[in-house]
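Just so you know, the protein sequences line up as chains A, B and C, in that order.
Numbering-wise, our numbering puts 142 at position 142 of the first sequence, and it's gapless, one number per residue.
Numbering-wise, our numbering puts 307 at position 140 of the second sequence, and it's gapless, one number per residue.
Numbering-wise, our numbering puts 413 at position 79 of the third sequence, and it's gapless, one number per residue.
One or more hints might be untrue.
Only some residues are given here: those of chain C computed to face chain B with a beta carbon under 8 Å [as the list claims (entries may be wrong)]: (1) PRO406; (2) ASP407; (3) ARG469; (4) PHE472.
Don't read these hints as lab results, they were simulated from the structure.
Fair warning: this is a prediction, and the values are worked out from it, not measured in the lab.
Cβ coordinates follow ideal geometry from the N, Cα and C atoms, glycine included.
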Amino acid sequence: MFEEAKKSLGISDRDEMRKKIKPTDYKSLQERAAKEIAKLEGDLIIDTHAAIKTPYGYYPGMPSKVVETLNPDAIVVLEFRPEDILQRRLKDLQAAEGQRRIREVEAEEEVQEHQDVMREFAAAAANHVCCYLLRLKFMQPQKYPYQHAEEAASALADLVKKLKGMA
Amino acid sequence: MFEEAKKSLGISDRDEMRKKIKPTDYKSLQERAAKEIAKLEGDLIIDTHAAIKTPYGYYPGMPSKVVETLNPDAIVVLEFRPEDILQRRLKDLQAAEGQRRIREVEAEEEVQEHQDVMREFAAAAANHVCCYLLRLKFMQPQKYPYQHAEEAASALADLVKKLKGMA
Amino acid sequence: MFEEAKKSLGISDRDEMRKKIKPTDYKSLQERAAKEIAKLEGDLIIDTHAAIKTPYGYYPGMPSKVVETLNPDAIVVLEFRPEDILQRRLKDLQAAEGQRRIREVEAEEEVQEHQDVMREFAAAAANHVCCYLLRLKFMQPQKYPYQHAEEAASALADLVKKLKGMA
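Given only the sequences and the hints, what does the whole structure look like? Please build it.
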């Protein structure tokens, strides 16, 4: 999407993308990006959000038009415990801006809502184009760093292999 | 929809609408009403149900065709505690027909199911046309009369302002 | 679907269907079967899964294209307690292969997830074609054999009668 935004809207860095693009432009940017991605050959894994949290509400990352264009074999949903998601975000924030406090209780409910909408959007997208919907859940605390990331990567690799075996 | 029903089906009051209109007529009525609404200019807030409870099941208020025609910037979902919804309905009933008993426990589950389906339909609609989905939750008892209504109105006004700022 | 698979893919028994058909073939098989079913006259009840569990994830049984073709009056979702579903499957297994152990706790969560996805897919399908969505829940243990089946059948018969009365 950033590549498309540079070309068509003169956007020069990723931060400008969220701030300077009007919603109607964003929508057509999303659709153009999907068309470019759909042209790529080989096995593609697209890392995206099914629901993007904005001050206006949740914005679909895989709306009907986009998912029709991408025509995926499968949509994989990654689910984590809200507290684990908050921990990772906190780490990123600490790295970027120094330590700050977060009202954790409220925040956990919000993260849970984000995941609920994400799941509902992903289900709607999968049902629309008739592709597999795989839910990968990581509901136990990690026993070592990057355990969830490693297990998710291995489940993804396994899925790609299986789907290729079927084709 | 009532305006359309008067014109095309000779319906004369709102009560007749639910009783005398066949489902196929209802569907095309809904679509014609959406087309009329889509023609209106200015900032529009449509007050509707995403899921209408009927003796045949839940009927979608914003099915794919209708939401394509309306092409909203955002869908706002209002969520309340089942007991608060029941209280308001009870009040309306008491005002209309005098006091009556309601089997509350069973009823709360039913209200919760209605809200669940409403959320799922709204998510499907938002994902279909790629618009914002804002969930406004009022999960605390009101501290004064109409607190929820006032807060919802103010959140809606705020959203309209923000969306106009973006356009 | 089996009839279509015999004709077009030379499949000779139901077991072969799940094992020998490629996903792209499966999709077009599903769509052709829907077209054949849509031609049938009279009152039709289609017994199907909204979400089919496979090693690649959940596969939609009523994706947008299929449900557009079928154009149902209503989608009825049957919901049971995960432990009751497991009990029935266990019975089938015992009948087929002799007793075996099942890790019940894990399995109950998996059955719940399957039901959640099923509900989300069914809601997306109903919202897409604007038909009634009826949820029949059986959350109490059966008091006698086949109680749930009998009650579901009677609720279905009742719905068909009501919908015919409306048409």
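So which hints don't hold here, by number, going up?
-> Checked against the structure, the hints that fail are numbers 1 and 4, while the rest are satisfied.
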